[in-house]
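Protein chains: 2
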Amino acid sequence: MEFLKPYLALIESKLQAIPLPETPQSLYEPQRYIIRNGGKRVRPILTLLSCGMCGEEQEKALPAALAVELLHNFTLIHDDIMDQAEQRRGNTAVHIKWDNSSAILAGDGMFVQAMLQLQQLSDDVNHKRVSEVFLNGINTVCEGQALDMEFESRCDVTRDEYLTMIGGKTSALISASMQMGGLCAGAGDKKLVLLEIIGHSLGLAFQIQDDLLDVMADPEKFGKRKAGDIFEGKKTFLMLTALERCTEKERLKFIGYMNNLPLSSKQVEEVIDAYNTYGVIEETKKVVNSYYDKAEKALQEFGESNYKRDLQHLIKYLKQREN
Amino acid sequence: MEFLKPYLALIESKLQAIPLPETPQSLYEPQRYIIRNGGKRVRPILTLLSCGMCGEEQEKALPAALAVELLHNFTLIHDDIMDQAEQRRGNTAVHIKWDNSSAILAGDGMFVQAMLQLQQLSDDVNHKRVSEVFLNGINTVCEGQALDMEFESRCDVTRDEYLTMIGGKTSALISASMQMGGLCAGAGDKKLVLLEIIGHSLGLAFQIQDDLLDVMADPEKFGKRKAGDIFEGKKTFLMLTALERCTEKERLKFIGYMNNLPLSSKQVEEVIDAYNTYGVIEETKKVVNSYYDKAEKALQEFGESNYKRDLQHLIKYLKQREN
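Here the protein sequences line up with chains G and E, keeping their order.
Using the working numbering, the first residue of the first sequence is number 1, and each one after it goes up by one.
Using the working numbering, the first residue of the second sequence is number 1, and each one after it goes up by one.
Honestly, the hints are just simulated from the structure, not real lab data.
Incorrect hints may have been included.
It does not matter which identical chain is used: a pair holds within one copy or between any two.
Unchecked claim - Mimicking DSBU-like on lysine-lysine, the simulated pairs with C-alpha atoms at most 35 Å apart in a straight line are: (1) 128 - 5; (2) 253 - 97; (3) 40 - 128; (4) 249 - 5; (5) 97 - 234; (6) 190 - 128; (7) 319 - 221; (8) 128 - 14.
Please model the entire structure based on the sequences and the hints provided.
Printed below as a string of structure tokens:
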């Protein structure tokens, strides 16, 4: 994504320049570790683009952009403990490299660093309003994570509930990132609502696309085991669609599989067969595209600018992504 | 503490009235649980008193008071996971009643609720400044907790390092509570510095007094096992004073005990003997009183008011506390 490089370079340089103290080492070393371990920086890029689209220099939104990226990293540290994930971005997860206590505390500290970034907003930015959007976003992320954990032990999750869950876990912070960018440019309510719609739609599209790539993508490119979600019995958009469309007998069978993890290769094949039989792949592609379309349509309402053009390119790129 | 009842009643009623959603249950139920499980509410009382002492009605500082109490409860939830504590305020700790993941997430959510409270401050309060004091306080609390964990595996901790640690873990939030109260009343820098000194000193005095009560208090009143800290090999102010004053031979012996936990009753007796031999109890009492004196002296700088009188009573009460 050549056209995003200038944004990425700006964010990366400012992110690495955040002055974290040397000691206590057990608090700051894990924070430095996760900040330095890369990431796509999608959220802060969206903050900068949104600020630009609302008529201000992107630099004005830098504190907000750094805040959302730090916040995102805080959620990764804590989520990896909760999900017992051992890897993050190809590196050892914080709670494995250190321990659970250090990871809990480093995450808390990173949350504070995220909030502290907002103190750097220039005086003509409505600090209280930016904080409010940010905090409500974070709370919705927490709600999404709670739902995700609750879903693990439930076998009656609906697609609507799933959308609410990823709407929290994935979309809420993306949407907040964009609204915060807009607020840094002094955008009015109409533009803020559009940014909210774009962020929310992009988040849903991106997450459901991830579910789709689990079965569709070349595992080499995607970087994950083919059908890994099915093996792990995850209640993805595809699985929930299949469960809604298949026969009662099949439904009970698949639920049985998910209560006895992991699935065998033969069981995974059966699930994929059901995806094909019931048009699950096609349906999911349609839903992904509809959310991307919704984002693109809302984006058209903004006046022309380089920022708008770059976001249009980004959406086009995301639509076609294979990893 | 009859004279504090009106403050306590106000805080308690507002705290219980915070509108936490019903669902997701796994996020909000633990939050409701810890809020309803009581606590001394010392920090929010100090916020109200500080606001009053700076010439405003205490009600003006209510959002700040609720924020510090929620924040305190967030730290308790996460600390109990890290310390593997099973009880809190006589009730089952959140991570035991639910599980670690729920406790991590509920703590995160409570942090957000604390920050959201600040959104309720009236428009003439400097929201950004209050946030700044609060966030710096929280970060120092995290630093204190990190130091506390680092100290566990070190045998060369000094008393100065210990003071830095409790200055973070205990004093930072108390100090922030008082400064935030002052800021809600529009206090100038001179008063804010005084409030900072009072809060910091009270925090140190209170924590070191806790260390003292471990060996001095009637266990029935104190609610903890007599000399529990020594049995657990905790590096308290008393232990560190003893280690600085005793012979090298004794020092190595005691460090040996702390590397092989828990201590036996006979070993605990030896430690207490050393406390007596080296005047550790007397020295600690002196230090506690010096911090209370420092707080009282700074308090004298404020003009007379009912709030000031109540804080003077509170300090007098704390000085003589036996639990």
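Handout entry: Up to 35 Å CA-CA - residue 128 versus residue 190, copy category
Key = Both, since 19 Å and 26 Å are each at most 35 Å.
Exercise for the section: Indicate which option fits the pair residue 319, residue 221 if close means a Cα-Cα distance not exceeding 35 Å: within, between, both or neither. Expected result: within (16 Å within a copy, 66 Å between copies)
Practice task
Have a look at residue 253 and residue 97 and pick one of within, between, both or neither, based on CA distance no larger than 35 Å.
Solution key: Between copies only: 33 Å across chains, 39 Å inside a chain, cut-off 35 Å.
Problem - Homo-oligomer pair classification [residue 128, residue 40; C-alpha up to 35 Å] - result: Both: 28 Å inside a copy, 30 Å across copies.
Exercise for the section: Pop the pair residue 97 and residue 234 into one bin, within, between, both or neither, using alpha-carbon distances up to 35 Å. Expected result: both (26 Å within a copy, 26 Å between copies)
Exercise for the section: Have a look at residue 128 and residue 14 and pick one of within, between, both or neither, based on CA distance no larger than 35 Å. Expected result: This pair counts as both: shortest intra-copy Cα distance 23 Å, inter-copy 22 Å.
Exercise for the section: At 35 Å max between alpha carbons, let me know whether residue 128 reaches residue 5 within a copy, between copies, both or neither. Expected result: both (31 Å within a copy, 33 Å between copies)
Problem - residue 249 and residue 5: within-copy, between-copy, both or neither at 35 Å Cα - result: Answer is neither: 51 Å inside a copy and 63 Å across each miss the 35 Å cutoff.
In terms of the numbered hints stated before, the structure departs from hint 4 and from no other.
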